[in-house]
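Novice: Make a model of the complete structure from these sequences and hints.
Note that numbering that gives the first Met the number 0 numbers the sequence shown so that position 10 is 9, with each residue one more than the last.
Treat the hints as calculated values from the structure; they're not laboratory data. Treat the hints with caution; some may be incorrect.
[Unchecked claim] Okay, derived cross-link-like pairs now, DSSO-like style, lysine-lysine, Cα gap no bigger than 30 Å in a straight line: (1) K316 with K76; (2) K153 with K221; (3) K316 with K222.
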Amino acid sequence: MSSAIRLTAGATIVALGLLLPGPPATAAPSHTVKITVMASSDIHGNALNWDYYKNAEYDDSAHNDVGLAKISTMVSKIRADRGADHTLLFDSGDILQGTPLDYYYAKVEPITSTHATHPMAKAMNAIGYDAVTLGNHEFNYGLPLLGAWVEQMKAPVLGANAVSATTGQPAYEPYIIKTMKVKGEKPIKVGVLGLTNPGVAIWDKANVDGKLKFLDLVATAKKWVPVIRDHGADVVLVTAHSGDDGMSSYGSELPVENAAALVAEQVPGIDAVLFGHAHNEVPQRFVTNKVTGQQVLLTEPSKWGQRLSVVDFTLDKQRGKWTVTGKSSTTLNTNTVAEDPKIVALMKEAHNKTVGYVNKVIAQSSQELSAAESPYKDTPILDYIQKVQTDLVSKAIAGTADASLPVLSIAAPFSRTAVFPAGPVSVRDMAGLYVYDNTLLGIKLTGAQIKDFLEYSAKYFAQVAPGAPIDLGTLTNAGGTPDYNYDQLSGVTYDIDISKPVGQRIVNLAYQGQPVTADQQFVVAINNYRQSGGGGFPHVSTAPVVYNAQVEIRQALIEYAAATGTIDPASFAEPNWKLVRDGVPVFSE
Numbered sequence: 000m001s002s003a004i005r006l007t008a009g010a011t012i013v014a015l016g017l018l019l020p021g022p023p024a025t026a027a028p029s030h031t032v033k034i035t036v037m038a039s040s041d042i043h044g045n046a047l048n049w050d051y052y053k054n055a056e057y058d059d060s061a062h063n064d065v066g067l068a069k070i071s072t073m074v075s076k077i078r079a080d081r082g083a084d085h086t087l088l089f090d091s092g093d094i095l096q097g098t099p100l101d102y103y104y105a106k107v108e109p110i111t112s113t114h115a116t117h118p119m120a121k122a123m124n125a126i127g128y129d130a131v132t133l134g135n136h137e138f139n140y141g142l143p144l145l146g147a148w149v150e151q152m153k154a155p156v157l158g159a160n161a162v163s164a165t166t167g168q169p170a171y172e173p174y175i176i177k178t179m180k181v182k183g184e185k186p187i188k189v190g191v192l193g194l195t196n197p198g199v200a201i202w203d204k205a206n207v208d209g210k211l212k213f214l215d216l217v218a219t220a221k222k223w224v225p226v227i228r229d230h231g232a233d234v235v236l237v238t239a240h241s242g243d244d245g246m247s248s249y250g251s252e253l254p255v256e257n258a259a260a261l262v263a264e265q266v267p268g269i270d271a272v273l274f275g276h277a278h279n280e281v282p283q284r285f286v287t288n289k290v291t292g293q294q295v296l297l298t299e300p301s302k303w304g305q306r307l308s309v310v311d312f313t314l315d316k317q318r319g320k321w322t323v324t325g326k327s328s329t330t331l332n333t334n335t336v337a338e339d340p341k342i343v344a345l346m347k348e349a350h351n352k353t354v355g356y357v358n359k360v361i362a363q364s365s366q367e368l369s370a371a372e373s374p375y376k377d378t379p380i381l382d383y384i385q386k387v388q389t390d391l392v393s394k395a396i397a398g399t400a401d402a403s404l405p406v407l408s409i410a411a412p413f414s415r416t417a418v419f420p421a422g423p424v425s426v427r428d429m430a431g432l433y434v435y436d437n438t439l440l441g442i443k444l445t446g447a448q449i450k451d452f453l454e455y456s457a458k459y460f461a462q463v464a465p466g467a468p469i470d471l472g473t474l475t476n477a478g479g480t481p482d483y484n485y486d487q488l489s490g491v492t493y494d495i496d497i498s499k500p501v502g503q504r505i506v507n508l509a510y511q512g513q514p515v516t517a518d519q520q521f522v523v524a525i526n527n528y529r530q531s532g533g534g535g536f537p538h539v540s541t542a543p544v545v546y547n548a549q550v551e552i553r554q555a556l557i558e559y560a561a562a563t564g565t566i567d568p569a570s571f572a573e574p575n576w577k578l579v580r581d582g583v584p585v586f587s588e
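Specialist: Below, the structure is given as structure tokens:
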């Protein structure tokens, strides 16, 4: 029979089939199931809805709530509404640093010594997380503490791009595949790839150098996503501790810091990216994958447990295989629910110990000192930080070749709400002033480098013409520069002329009344975040290091206050910089 005849016969059979009763000869009808993925991120030690710095229930101007106890209530409600077998729960990192609770179990009663279960592991285990991804702050207290916490976690702890510096192999689990046994349905396999932030190599260099390397997120995802698909994943998620703007705070010397959207755009086979790190609320964002043209969903749940991302997937079963045919996401506000009493009870002992610690009185202040004006005025409360840092570094270099060099110090206004009350000052007050777990270093800079550094810092201010009104609401944070990236320098005197463009603002830079010369040498007390490249300030990351004893600055402030017993501005306040316009001070003295 010729091919033409065979074709005609086939056509006849098809035609007859259309006339016969019964279903048409097409694929079996699809079958639809919906699953829900929940995600938290940047919890930063907030187990309960409590502000340890204010010694009160957490509240802010938007009346947000915080904490895993709130997350737990919301998760339980969604599991009850949609069926626990239809839901999964993940976290995108930054869990082990951020509140005095985390500090207490890292430094005061470290779990590496007591072998007690970390309160954040207790809470997350009780809530029933399916996986968590490493954030950069997981490395702040060193690898031994991180390792102990990973062992305590029931959920896998992921970080595909954190690899051994010697073998190049993943130091943590790169991915998991969760099999969802939805009642009455074929199991659904959800693959989850965890990616952490390359900035760890800079920010925690002292803890990871020579031990771990942190690879590019896009390249790592390109390696592992096909593996996850090959292992039968019906849905592929990326949990990334990485913002979505494609930018980096540390320049181009490391892989991109905020690469979540780049991963979605450049790596085929991803259905959604659950991300964190930037502390933004992104209910739903779609990015088109350049290879496949598919829409990849991104969501970020703000910070501290203030929001929970909820992602809904529609899956169709076609020829026995699940396919994602729809997806959407939103963020839910945790201030709409009560704390889970189970988590509150579980945290009671750890919480009470932390409250007792932060309320311990360490010194008496002769007067109230406030940081409210610190972003635009030289204030005594920041001079206190400068005094402690200068004294520590000066003592450390005594007897060395650098002992004769002037010691300067930098500090930034981390918190505008910090206050030393008149009278008793507690650990809580000091921690409210210095909110980060930074350590102190001493580096050598020239006069020219000091000038460059200050010019870079001064970009924090908006340009305001002489005589124009000053609006405190727009004066600072120009170009989105955060308060913690406005460094003030003590030990020299200088003015910042905000009527001038960026790069031409530092005038009258002097040391002991004499103009600073370009080749003049200084030792500068600096925190490890800044020295390692955080904020992108010039010269500091390549400057010679003359002191690095891994002293925590906040603890140094506490110990200094306890040793002296009094905090009196007369012994440390030294106004040495001011804002001007054409030589005229912006603020009256």
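Novice: Decide, hint by hint, whether the structure agrees.
Specialist: Now for the hints, and whether the structure bears them out:
Between K316 and K76 the CA atoms are separated by roughly 27 Å; this keeps the pair inside 30 Å, and the hint holds. At roughly 28 Å between alpha-carbon atoms, K153 and K221 fall within 30 Å of each other, so this suggested pair holds. For the hint linking K316 to K222, the alpha-carbon distance of about 27 Å falls within 30 Å, and the restraint holds.
Of the numbered hints listed earlier, not one is contradicted by the structure.
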